[in-house]
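Participant: Given next are the chains, with one letter for each unit.
There are 2 protein chains.
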Amino acid sequence: MDNKDKLCMIFGATVRKFREEKDISQEKFAAYAELHRTYFGGIERGERNPTLVSIVRIADALDISLEELFREFDVQRKDIL
Amino acid sequence: MDNKDKLCMIFGATVRKFREEKDISQEKFAAYAELHRTYFGGIERGERNPTLVSIVRIADALDISLEELFREFDVQRKDIL
Numbered sequence: 001m002d003n004k005d006k007l008c009m010i011f012g013a014t015v016r017k018f019r020e021e022k023d024i025s026q027e028k029f030a031a032y033a034e035l036h037r038t039y040f041g042g043i044e045r046g047e048r049n050p051t052l053v054s055i056v057r058i059a060d061a062l063d064i065s066l067e068e069l070f071r072e073f074d075v076q077r078k079d080i081l
Numbered sequence: 082m083d084n085k086d087k088l089c090m091i092f093g094a095t096v097r098k099f100r101e102e103k104d105i106s107q108e109k110f111a112a113y114a115e116l117h118r119t120y121f122g123g124i125e126r127g128e129r130n131p132t133l134v135s136i137v138r139i140a141d142a143l144d145i146s147l148e149e150l151f152r153e154f155d156v157q158r159k160d161i162l
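Going down the list, the sequences are from chains P and L.
Per our numbering, the very first residue in the first sequence carries number 1; after that it's consecutive.
Per our numbering, the very first residue in the second sequence carries number 82; after that it's consecutive.
Since the hints were derived computationally from the structure, they do not count as laboratory data.
Every value quoted in this text rests on a predicted model; they were computed, and no experiment measured them.
One thing to keep in mind: the hints can contain errors.
[Said to hold, decoys possible] Calculated cross-link-like contacts (lysine to aspartate or glutamate; reagent style DMTMM-like; alpha-carbon spacing at most 25 Å): (1) K17/P <-> E153/L; (2) K6/P <-> D79/P; (3) K78/P <-> D160/L; (4) K22/P <-> E47/P; (5) K109/L <-> D83/L; (6) K159/L <-> D60/P; (7) K85/L <-> D2/P; (8) K159/L <-> E128/L; (9) K17/P <-> E128/L; (10) K28/P <-> D79/P; (11) K98/L <-> E47/P; (12) K6/P <-> D160/L; (13) K22/P <-> D60/P; (14) K78/P <-> E128/L; (15) K98/L <-> E68/P; (16) K6/P <-> E149/L; (17) K78/P <-> E34/P; (18) K17/P <-> E149/L; (19) K78/P <-> D144/L; (20) K22/P <-> E68/P; (21) K22/P <-> E67/P; (22) K4/P <-> D83/L; (23) K17/P <-> D2/P; (24) K4/P <-> D160/L; (25) K87/L <-> E34/P; (26) K17/P <-> E148/L; (27) K6/P <-> E72/P; (28) K78/P <-> E108/L; (29) K98/L <-> E67/P; (30) K6/P <-> E21/P; (31) K85/L <-> E47/P.
[What the hints assert, rightly or not] Incomplete in silico selection of chain L near chain P, CB under 7 Å: (32) D86; (33) L88; (34) F99; (35) P131; (36) T132; (37) V134; (38) V137; (39) S146.
Backbone N, C-alpha and C fix where the C-beta goes; we use that ideal spot for every residue, glycine too.
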């Protein structure tokens, strides 16, 4: 697994953590974030390299700031990489 | 200009602000971040919707955390949107 894949995995795990804390299903969350269900599933599994616009939609749907989302991403990245 | 374009513009302006504070040319910075010069120029002008992996490369090349980059992005977004 190269560094790119690891970054996508870490991002997906970060998003999943916040989503599960809110107790929303992946399917409902994807609809709320206006992302296709399979695309969003791929992001959470770390199979997709999401774009800025998708990342903003995810943070908005989680009702957290981008700063907050990436604070957690930075923590998980330090632990893994 | 729709919301997607605005988000890309805000991101580009945020990156440019940090890069200019470091007093590095766009060309040198792109090489350092291992991004193609024209792709990076497009990001700064808000013409590109950068991926997570490119965003991480940019933050690393700026020697700032993702959290710090997006704190400034959030501030600029609140001012504009």
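Participant: Next step is simple, just say for each hint if it's right about the structure.
Facilitator: Results of checking the hints against the structure:
no.	hint	verdict
1	K17/P <-> E153/L	holds, 24 Å
2	K6/P <-> D79/P	holds, 12 Å
3	K78/P <-> D160/L	violated, 31 Å
4	K22/P <-> E47/P	holds, 23 Å
5	K109/L <-> D83/L	violated, 31 Å
6	K159/L <-> D60/P	holds, 13 Å
7	K85/L <-> D2/P	violated, 30 Å
8	K159/L <-> E128/L	holds, 20 Å
9	K17/P <-> E128/L	violated, 31 Å
10	K28/P <-> D79/P	violated, 30 Å
11	K98/L <-> E47/P	violated, 31 Å
12	K6/P <-> D160/L	violated, 33 Å
13	K22/P <-> D60/P	holds, 13 Å
14	K78/P <-> E128/L	violated, 31 Å
15	K98/L <-> E68/P	holds, 21 Å
16	K6/P <-> E149/L	holds, 21 Å
17	K78/P <-> E34/P	violated, 30 Å
18	K17/P <-> E149/L	holds, 21 Å
19	K78/P <-> D144/L	holds, 15 Å
20	K22/P <-> E68/P	holds, 15 Å
21	K22/P <-> E67/P	holds, 18 Å
22	K4/P <-> D83/L	violated, 30 Å
23	K17/P <-> D2/P	holds, 23 Å
24	K4/P <-> D160/L	violated, 32 Å
25	K87/L <-> E34/P	holds, 18 Å
26	K17/P <-> E148/L	holds, 17 Å
27	K6/P <-> E72/P	holds, 15 Å
28	K78/P <-> E108/L	violated, 29 Å
29	K98/L <-> E67/P	holds, 17 Å
30	K6/P <-> E21/P	holds, 23 Å
31	K85/L <-> E47/P	holds, 23 Å
32	D86	violated, 9 Å
33	L88	holds, 5 Å
34	F99	violated, 14 Å
35	P131	holds, 5 Å
36	T132	holds, 5 Å
37	V134	holds, 5 Å
38	V137	holds, 5 Å
39	S146	holds, 5 Å
Hint compliance for this structure: hints 3, 5, 7, 9, 10, 11, 12, 14, 17, 22, 24, 28, 32 and 34 are broken, all remaining hints hold.
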